[in-house]
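Asker: Sequences and hints are given; from them, build the entire structure.
Those sequence lines, one after another, are chains A and B. Per the working numbering, residue 279 is the first one in the first sequence, and the count goes up by one each step. Per the working numbering, residue 279 is the first one in the second sequence, and the count goes up by one each step.
It should be emphasised that the hints constitute simulated quantities derived from the structure, not laboratory data. Each hint should be verified, as a subset may be incorrect.
No copy labels: a pair is met if it fits in one copy or bridges any two.
[Stated by the list, open to error] The list that follows gives simulated cross-link-like pairs (lysine-lysine, DSS-like), each with its CA atoms no further than 25 angstroms apart:
hint, residue 1, residue 2
1, Lys-625, Lys-559
2, Lys-529, Lys-656
3, Lys-426, Lys-466
4, Lys-624, Lys-450
5, Lys-359, Lys-566
6, Lys-572, Lys-445
7, Lys-553, Lys-729
8, Lys-601, Lys-553
9, Lys-518, Lys-624
10, Lys-624, Lys-512
11, Lys-388, Lys-416
12, Lys-521, Lys-601
13, Lys-572, Lys-532
14, Lys-512, Lys-625
15, Lys-536, Lys-566
16, Lys-512, Lys-559
17, Lys-628, Lys-559
18, Lys-624, Lys-559
19, Lys-559, Lys-601
20, Lys-525, Lys-426
21, Lys-628, Lys-553
22, Lys-518, Lys-601
Listed below are the residues making up each chain.
Protein chains: 2
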Amino acid sequence: MIDSLVDAGMNDLISDLQTLIRQPSVSAKKVGLTECANLVAEIMQKAGISSEVLHLDNNGIDKSVPPIVYGEVRSKSNPNKTLLFYNHYDVQPEEPIELWENEPFSGIVKDNQVFGRGSADDKGELITRIKAVQYLLKETGDVPCNIKFIVEGEEEIGSLHVEQYLKKYEQKLASDGVIWEFGYVDAKDRPIISLGMKGLLYVELIATGPSRDAHSMFAVLIENPAWRLVSALKTMRDQKTGKITIKDWYKEVKPFTKEELEIISREPFDEREFKNEYGLKRLVAGAKGKNAKKALVGMPTCNIAGFDSGYIGEGAKTVLPAKARVKIDFRLVPGMVPEKQLARLKKHLKQHGFSDVEVNFIHGEAAVRTSISEPFVKKVEEAAREVFGSSILSVSSAGTGPMYSFVKVLKAPCISVGSTYMFARIHSPNEFARVDLLNKCTKCIGRIIEKFAA
Amino acid sequence: MIDSLVDAGMNDLISDLQTLIRQPSVSAKKVGLTECANLVAEIMQKAGISSEVLHLDNNGIDKSVPPIVYGEVRSKSNPNKTLLFYNHYDVQPEEPIELWENEPFSGIVKDNQVFGRGSADDKGELITRIKAVQYLLKETGDVPCNIKFIVEGEEEIGSLHVEQYLKKYEQKLASDGVIWEFGYVDAKDRPIISLGMKGLLYVELIATGPSRDAHSMFAVLIENPAWRLVSALKTMRDQKTGKITIKDWYKEVKPFTKEELEIISREPFDEREFKNEYGLKRLVAGAKGKNAKKALVGMPTCNIAGFDSGYIGEGAKTVLPAKARVKIDFRLVPGMVPEKQLARLKKHLKQHGFSDVEVNFIHGEAAVRTSISEPFVKKVEEAAREVFGSSILSVSSAGTGPMYSFVKVLKAPCISVGSTYMFARIHSPNEFARVDLLNKCTKCIGRIIEKFAA
Chain A
279 MIDSLVDAGM NDLISDLQTL IRQPSVSAKK VGLTECANLV AEIMQKAGIS
329 SEVLHLDNNG IDKSVPPIVY GEVRSKSNPN KTLLFYNHYD VQPEEPIELW
379 ENEPFSGIVK DNQVFGRGSA DDKGELITRI KAVQYLLKET GDVPCNIKFI
429 VEGEEEIGSL HVEQYLKKYE QKLASDGVIW EFGYVDAKDR PIISLGMKGL
479 LYVELIATGP SRDAHSMFAV LIENPAWRLV SALKTMRDQK TGKITIKDWY
529 KEVKPFTKEE LEIISREPFD EREFKNEYGL KRLVAGAKGK NAKKALVGMP
579 TCNIAGFDSG YIGEGAKTVL PAKARVKIDF RLVPGMVPEK QLARLKKHLK
629 QHGFSDVEVN FIHGEAAVRT SISEPFVKKV EEAAREVFGS SILSVSSAGT
679 GPMYSFVKVL KAPCISVGST YMFARIHSPN EFARVDLLNK CTKCIGRIIE
729 KFAA
Chain B
279 MIDSLVDAGM NDLISDLQTL IRQPSVSAKK VGLTECANLV AEIMQKAGIS
329 SEVLHLDNNG IDKSVPPIVY GEVRSKSNPN KTLLFYNHYD VQPEEPIELW
379 ENEPFSGIVK DNQVFGRGSA DDKGELITRI KAVQYLLKET GDVPCNIKFI
429 VEGEEEIGSL HVEQYLKKYE QKLASDGVIW EFGYVDAKDR PIISLGMKGL
479 LYVELIATGP SRDAHSMFAV LIENPAWRLV SALKTMRDQK TGKITIKDWY
529 KEVKPFTKEE LEIISREPFD EREFKNEYGL KRLVAGAKGK NAKKALVGMP
579 TCNIAGFDSG YIGEGAKTVL PAKARVKIDF RLVPGMVPEK QLARLKKHLK
629 QHGFSDVEVN FIHGEAAVRT SISEPFVKKV EEAAREVFGS SILSVSSAGT
679 GPMYSFVKVL KAPCISVGST YMFARIHSPN EFARVDLLNK CTKCIGRIIE
729 KFAA
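Answerer: Following this line, the structure appears as C-alpha cells:
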C-alpha cells in the first residue's frame, strides 16, 4: 500500500500538476502541444517510467498531427499481464477569458483547489496515474504487472488520430485492461465507475448570404444567412421535448437491457443540487429522477455549441451579414454510426429545402459500453470502495471519448475512474482539481494496479 | 459657378477627406469622437465657415454625449433665407477587419477611389458641402443665402441625441430647407434625390441558460439558450415571404399614394446588377422589378444584424453556452411608431411562451417623407441634372436617419442628395468614395445653394 507515500508526496504531485497547467496546450488552436508532450515525458522519466514521444509518421516529420507520449514500466514479477492508462495532455480553449478569476493557465492553489484550464481535465487525472506508479516502484522496486501509458494530444478535438496511433503501435500498446482518462466524483465524494461513453458527431453548418456584408437596409431584397440558419435549425429539434426531428435519427438506438436499468436505478442523481449548480429552474422536457439518469446515460442530443453571425460587439451595427455559422455537437449512443447520422443530417437539410446550407464534418466518434460482467469491473469497484468508502457504478458517461477505438483495436475492457469532482467546471472558466480527490485517486489507482495484477 | 474652382481644388478636397478618415470615430465604441469633431471644426474654419463644437449640456462637462459641430456663414446679400446641411462625423465599426484590403482608416487613394471607413459615409459627403461653401465664398466674397451646418456624432448608433440638440439649439439651427447627409448615385452616375427615410427599431434579444458555460454532455438536461433564441426568432418572421409575423405589426402602414406609385414606376432598378453586386441568385420572396422597388421604399423588415452564442473560434469546443444574444434591426415605414412596435414585439414573445427572453431596446427612429410638391424638390432636381446630366427622384431611401426629428423640430423640408456610389460598400469592409462623384457633388451642392437662395 502506497498510501503513506502518496500523503507525503502531495506537494510534489501538485508541483508537477502546476508545471503541466502552466504549459497551455489547446488542441483546437494547435497551441503548445509538442511542448506539453515533452513535459509529460520528462515527468514520467522523473517518476521512473521510461517514456517516448511518438509521432504518427516514422520520422516525426509531419508536425501537423500532435505526438503521443508512450510510457512503460516492465514488471519483473509478473510480465504477462499489462494495464494501460489512457490520458490526454491537450485541453479545451480557455475562452471566455474574462470570466476567469485568475489567469486561465495559472495553476494557482487556493485551499483545497488547484485552478487552471486542464487542472482536472485531464492533467490532474494524468498526474494521479503517474504518481501511483512512481510510489509502487518506490515501495517495492517493481510494479505488480506491466504498466503502459498512452497520452494523446487531440482528445478535446475528437481524438482525430488516436485510432491511427493505436493501429500503428498496436503491439507496443497491447494490454489486458484500460483505465480511462477520467472519472467523476459526485458531491458525496463517491467515485463514479463508468463503463461506457457516448459518441459524438460534431459539425458546422454554414449559410451564405450576400458576397460581402451588406447594409441592412437591403434586407428587403437580400436573404439574411442568419435567418436561413434559424429556419434550418428549427426543423432539426423539437423545443419542448429536446427530441431530434431528423428522419431515422434514433433508428439504431437499442432500449436499455434489464441489467443496465438496474444499475441506472441504483445510481444517485441529486436533481436539486444539479439545478442549483447551474442556476436552473427546470430540466429539459421536465426530466426528473430516473428519467434524468436515463437521459444522461442514453439520450442522444443536438446541442448548439456556437452561433456566429454579423456584428456581435457593443452597441448597434445595421449590417446584413455575409455568413452565418453554427457549431453543433450531437451526442450518440451505442448503435449509432457517426457517418450514417451525418448522411441523415445532410439528407434532412436537402429535403427541407436547405441544400444551400453547407455541412462541414468536424469529427465523429462512436459510443461504446464495456460489459458489466467483465471481472475487471469488480476489481475497480473494490479498490474504489477501499479508498473512498463507497462507489457508484454507471452504465455510461454522458461524455464522449475514443473508447470505441480502444475496444476495437486493443480488444481490452475499458473502465473510467478518477479524481474529477462533478462540478469542477471542466470546459468552463475557473476549472479546478480538488487536492483531496487527487490524493484519494492516486491511492485508488495504486490499489487498482495491485488488484488487476493479482 | 464654382466648377473650375472645384476642379482646381480636388487635391485639397481629398487631403481634407483623408485627414477625417484617418481619425477613427466609431460611435458604437465611443472611439475618437471629440477628436473628430474638433477636426471638422478646424476644416470648416479653414474653409471660411465659422464653427463651434457644441455640447448638449451648457458647459460641455457631460462627455458621455458626443458633441455636435455647428458651422455658419451669414449672407450679406440675402440674410433672410437659410439652408442647413446635416451631416455626421461618426462612422460604423470597422469589423470584420480581416476583410479589409488596406488598414480600415487608411484613406488610401487608388485611381478613382478613396478607401477607408467613413470615406463615403459620411466624411466624403461632409467634405463636398464644406468645399462648395468655401468656393462660393472664394468666388464672390459672399454666400447667396445663410448657410448652416449641424454635424453630429451618433448617426451610426441611431442619432440618440440629435432631437435634443435640435430642440436646445432650435433658434441657432432655424432654417428654410435641409440638405440631408447623404445621397446615392446609381451605376449610371445618376444621383438619387430622395425625399424620405425609413424608421428603425433596434433591439437585442438575450436568452439565458445555465449560470455559466456548461459541458455539452449536459445538453440532455440543460436547456440551451441558443436553441431558445432560434425557437423565439422562428415565430417572428416568415422565411418564404420575409413578412413579419408579429401581431398587428403592419397595422399603421398606409398604402402608397398614386403620386408615390408613379415616382416608384419611373425609378430605375437594375435587378441583374444588384444581384451581381451581392452575388445573389434570387431576391427575398422572388421580388422583381416594381415589387423590388416598392419593397426598398416601403417594406418593413426584420433583420438579424448579429447572433452570438458559445464558442465561435476555430475547431471544436463541446460547450453548452450560458447566454445567446441576437441583435435585430426592424426597418419601419411612415405611420409606425418605434415604441408601439417594441411593445408589440414584447407582447408577441410573451404570448408565444418566451417571457424568459430578455428584450433590450437599443434605439428607435420614426420614418418620414417630404412632400413631392415642395418647391425645393424641383430646385434640387434642376441642380442635379445640370451637373450629372440626369437625376432620379425617390419617394424614400431604404435607409434610416433622424429626418423625422428635423421635420418635427425645424419644420423645414429635407432632401437627400449626394456623392455616394450605390455600391460604395458603406458599413462594410473596403468602403470607398469615388473621386469623380465627390467632384460632381461639390459642384451640384454649389448650384443647389444658388437655386435655393434665388
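Asker: Now look at each hint and say whether the structure bears it out.
Answerer: To see whether the hints hold, each was checked on the structure:
Only between protomers do Lys-625 and Lys-559 lie at most 25 angstroms apart by alpha-carbon distance; the minimum there is 23 angstroms, versus 36 angstroms within a single protomer. With identical chains, the CA atoms of Lys-529 and Lys-656 are never at most 25 angstroms apart, being 33 angstroms at best within one copy and 71 angstroms at best between copies. For the identical chains of this complex, Lys-426 and Lys-466 are neighbours neither inside a copy (31 angstroms) nor across copies (75 angstroms), given an alpha-carbon limit of 25 angstroms. With identical chains, the CA atoms of Lys-624 and Lys-450 are never at most 25 angstroms apart, being 40 angstroms at best within one copy and 64 angstroms at best between copies.
Proximity of Lys-359 and Lys-566 under a CA criterion of 25 angstroms is satisfied in neither setting, with 43 angstroms inside one chain copy and 76 angstroms between copies. In this assembly of identical chains, the alpha carbons of Lys-572 and Lys-445 never lie at most 25 angstroms apart, being 34 angstroms within a copy and 65 angstroms across copies at closest. Taking identical chains as interchangeable, the C-alpha atoms of Lys-553 and Lys-729 are never at most 25 angstroms apart, the minima being 38 angstroms within one chain and 72 angstroms between chains. For the identical chains of this complex, Lys-601 and Lys-553 are inter-copy neighbours only, at 17 angstroms across copies versus 36 angstroms inside a copy, given an alpha-carbon limit of 25 angstroms.
Both within a single protomer and between protomers do Lys-518 and Lys-624 lie at most 25 angstroms apart by alpha-carbon distance, with minima of 24 angstroms and 21 angstroms respectively. Taking the closest pair of Cα atoms, Lys-624 and Lys-512 come within 25 angstroms of each other both inside a single copy (15 angstroms) and across two copies (21 angstroms). In this assembly of identical chains, Lys-388 and Lys-416 lie within 25 angstroms of each other by CA distance neither inside one copy nor across copies; the values are 29 angstroms within and 74 angstroms between. In the homo-oligomer, the alpha carbons of Lys-521 and Lys-601 lie at most 25 angstroms apart only across protomers (21 angstroms), although the nearest pairing inside one protomer, at 27 angstroms, exceeds that limit.
Proximity of Lys-572 to Lys-532 under the C-alpha cut-off of 25 angstroms is restricted to the intra-copy arrangement: shortest distance 13 angstroms within a copy versus 56 angstroms between copies. Proximity of Lys-512 and Lys-625 under a CA criterion of 25 angstroms is satisfied in both settings, with 16 angstroms inside one chain copy and 22 angstroms between copies. Taking the closest pair of Cα atoms, Lys-536 and Lys-566 come within 25 angstroms of each other only inside a single copy of the chain (20 angstroms); across copies the shortest separation is 63 angstroms, beyond that limit. When the C-alpha separation of Lys-512 and Lys-559 is checked against a cutoff of 25 angstroms, the pair qualifies both within a copy, at 24 angstroms, and between copies, at 24 angstroms.
With identical chains, the CA atoms of Lys-628 and Lys-559 are at most 25 angstroms apart between copies only, with a shortest distance of 18 angstroms across copies and 37 angstroms within one. Proximity of Lys-624 to Lys-559 under the C-alpha cut-off of 25 angstroms is restricted to the inter-copy arrangement: shortest distance 22 angstroms between copies versus 35 angstroms within a copy. Taking CA atoms no more than 25 angstroms apart as the test, Lys-559 paired with Lys-601 passes between copies only; the shortest distance there is 16 angstroms, against 34 angstroms inside one copy. Proximity of Lys-525 and Lys-426 under a CA criterion of 25 angstroms is satisfied in neither setting, with 44 angstroms inside one chain copy and 66 angstroms between copies.
In this assembly of identical chains, Lys-628 and Lys-553 lie within 25 angstroms of each other by CA distance solely across copies; the values are 24 angstroms between and 38 angstroms within a copy. Taking identical chains as interchangeable, the C-alpha atoms of Lys-518 and Lys-601 lie at most 25 angstroms apart only when they sit on different chains, with a minimum of 19 angstroms there against 29 angstroms within one chain.
Hints 2, 3, 4, 5, 6, 7, 11 and 20, counting from the list given before, are not met by this structure.
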